[in-house]
Amino acid sequence: MAKLAGVYAASHAPLIARDWHLFDDPLKAKLTSAYQRLGARLNAARADIIVEIAPDHWSNFFINNLPNVCIGVGATHNGPPEPFLKDFGHTTLAGEPQFAMHLLETALASGFEPSVSHQLALDHGFCIPLWRMELDPLPPIVPIVINSLEPPMPTIARCVAWGNLLASAIASYPVDARIAIVASGGLSHSIGEPTMGAIDETFDAGCIRAFEAGGEPAIIDYLDRALVTAGNGSHEVRNWVTAHAAAGSHGFELIEYLAVPEVYVGCAWAAWNPAA
Amino acid sequence: MKRTDYALSKLFFDLQSGPAAAEYRADRAAVLDRYGLEPEIRAAVLADDVATLAPLVNPYLLRYYCTASGMPEADFLEKIRG
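As they're listed, the protein sequences go chains A and B.
For the first sequence, the positions run 1 to 276 when the numbering used here is used.
For the second sequence, the positions run 1001 to 1082 when the numbering used here is used.
Rather than coming from a laboratory, the hints here were simulated on the basis of the structure.
Owing to the predicted nature of the structure, the values given are computational and were not obtained by experimental measurement.
A few of these clues could be false.
Some chain B residues close to chain A (C-beta under 8 Å, calculated; not the full set) [claimed, not checked]: (1) Thr-1004; (2) Tyr-1006; (3) Ser-1009; (4) Phe-1013; (5) Gln-1016; (6) Gly-1018; (7) Leu-1056; (8) Asn-1058; (9) Pro-1059; (10) Tyr-1060; (11) Leu-1061; (12) Leu-1062; (13) Arg-1063; (14) Leu-1077; (15) Arg-1081; (16) Gly-1082.
Computed list of chain A residues with no C-beta within reach of chain B, every gap over 12 Å [said to hold, decoys possible]: (17) Trp-20; (18) Ala-45; (19) Leu-104; (20) Arg-158; (21) Ser-172; (22) Ser-190; (23) Thr-202; (24) Gly-206; (25) Glu-212; (26) Arg-225; (27) His-250; (28) Leu-254; (29) Ala-271.
Built from N, CA and C at the ideal position, the CB exists for glycine as well.
Based on the sequences and whatever the hints tell you, model everything.
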């Protein structure tokens, strides 16, 4: 039977790639170190499959057809469409259709109705953590897109339910495989709105405290209140909530937090505590 | 509930492609003719009137548009922050 090999989260920002050459050496070192420390844990987890949860930044979907949750079941995924990510070097990434279909079928049998894609493009939200964590080898990816860009979005409580569903799908997968989860996105940021560039360190600290403490009701309550004013990009914390629940809601270990105005994002890296 | 302008959103979405953005920068009017924008919205696009456009479109698409149209980031920040 499959085993949950570890649950992790990392922020992303397109400017980490696009503007890297403009950053001073201390900032480059801090960002590199944070991703590498998380990547070392993921490499040590020896995952056969990574389920990665990220938003779609208008790369696959538009408002004529906008899924709240979409599972990528393809044997391959397209690499990032953004020109500034060409150095990532992956024009395609391997998928894992067998587990992806098991997840899809488990979801449908459990009262969830995700969308499905046989050919996703994995944009910077997926690829910056995979790239900067320096995963070697890069395992096959089962992408889950959770809409956090355009309302209406899934509720925080529904993301908790999705996390529990994901854990149950891993536990019931009848294949000897180690499956890790990576959530990408957050914490606070504001993009293309009047508060653009604002990093809400109070919001970020509240998220970190809530994830460290564990449990589910307090996180739902906190985010339902705090997300209203934390900036539109902060909604990506839905991916962290899903990972948190998939890990059993036992709390996480913060690996690094950096408010980085150069990339407009309150960046964090974390690893969830395994079940007791 | 906020008003979303579909034609404006579609224009901004399409301009994510490099060739489409290049065509737009070379001849805005010709590209805009294909989208059937309402006259006041078309005028706002031609005038780079970010404050008028912002409530009508997803903020990420607005930012992408300003990059695709050749607007420097500092100018966009000044316009969006009012």
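Each hint tested on the structure:
Checking Thr-1004(B) against chain A by beta carbon gives a least distance of about 7 Å; that is within 8 Å, so the hint holds. A cut of 8 Å between beta carbons decides the hint on Tyr-1006(B): the least distance to chain A is about 7 Å, and the hint holds. Checking Ser-1009(B) against chain A: minimum C-beta separation of about 6 Å stays under 8 Å; hint holds. With a least beta-carbon distance of about 5 Å to chain A, the hint placing Phe-1013(B) at the interface is held under the 8 Å criterion.
Hint status for Gln-1016(B): holds, given a least beta-carbon distance of 7 Å to chain A, under 8 Å. Checking Gly-1018(B) against chain A: minimum C-beta separation of about 7 Å stays under 8 Å; hint holds. Taking 8 Å as the C-beta contact cut-off toward chain A, the hint placing Leu-1056(B) at the interface is violated, the least distance being around 12 Å. With a least beta-carbon distance of about 5 Å to chain A, the hint placing Asn-1058(B) at the interface is held under the 8 Å criterion.
The closest approach between the C-beta of Pro-1059(B) and any C-beta of chain A is roughly 3 Å, which is under the 8 Å cut-off, so the hint is satisfied. Annotation: interface hint on Tyr-1060(B) holds; nearest CB of chain A at approximately 5 Å, less than 8 Å. With its C-beta approaching chain A no nearer than about 6 Å, Leu-1061(B) sits inside the 8 Å limit, and its interface hint holds. Taking 8 Å as the C-beta cut-off, the interface hint given for Leu-1062(B) holds, the closest approach to chain A being about 5 Å.
About 4 Å separates the beta-carbon of Arg-1063(B) from the nearest beta-carbon of chain A, less than 8 Å, and the hint is met. Checking Leu-1077(B) against chain A: minimum C-beta separation of about 6 Å stays under 8 Å; hint holds. Interface hint status for Arg-1081(B): upheld, as the beta-carbon distance to the closest one in chain A is roughly 6 Å, under 8 Å. With a cut of 8 Å, the hint placing Gly-1082(B) at the interface with chain A holds, because the nearest CB-to-CB distance is about 6 Å.
The Cβ of Trp-20(A) sits about 16 Å from the closest Cβ of chain B, beyond the 12 Å cut-off, so the non-interface label holds. Every CB of chain B is more than 12 Å from the CB of Ala-45(A) (nearest about 32 Å), matching its label as outside the interface. With a minimum CB-CB distance of about 27 Å to chain B, Leu-104(A) clears the 12 Å threshold, and the non-interface call stands. With 12 Å as the threshold on Cβ separation, the claim that Arg-158(A) sits away from chain B holds: the shortest Cβ distance comes to roughly 20 Å.
No Cβ of chain B approaches the Cβ of Ser-172(A) within 12 Å, the least distance being about 36 Å, so the stated non-interface status holds. Not every Cβ of chain B is farther than 12 Å from the Cβ of Ser-190(A); the closest lies at roughly 8 Å, contradicting the non-interface assignment. Look at Thr-202(A): its CB is around 20 Å from the nearest CB on chain B, clear of 12 Å, so calling it non-interface holds up. Taking the minimum C-beta to C-beta distance to chain B, about 23 Å, the non-interface status of Gly-206(A) holds against the 12 Å cut.
Under the 12 Å C-beta cut-off, the non-interface status given to Glu-212(A) relative to chain B holds; the minimum distance is some 30 Å. Even its closest Cβ contact with chain B, about 21 Å, leaves Arg-225(A) beyond 12 Å, as expected for a residue assigned away from the interface. In this structure His-250(A) is separated from chain B by more than 12 Å, as the shortest Cβ-Cβ distance comes to about 33 Å. Its beta-carbon lying about 27 Å from the closest one in chain B, Leu-254(A) satisfies the requirement of being farther than 12 Å from that chain.
Distance check on Ala-271(A): its Cβ is at least 29 Å (rounded) from any Cβ of chain B, clearing the 12 Å threshold; non-interface status holds.
Taken one by one, the earlier hints fail for this structure at numbers 7 and 22, listed in ascending order.
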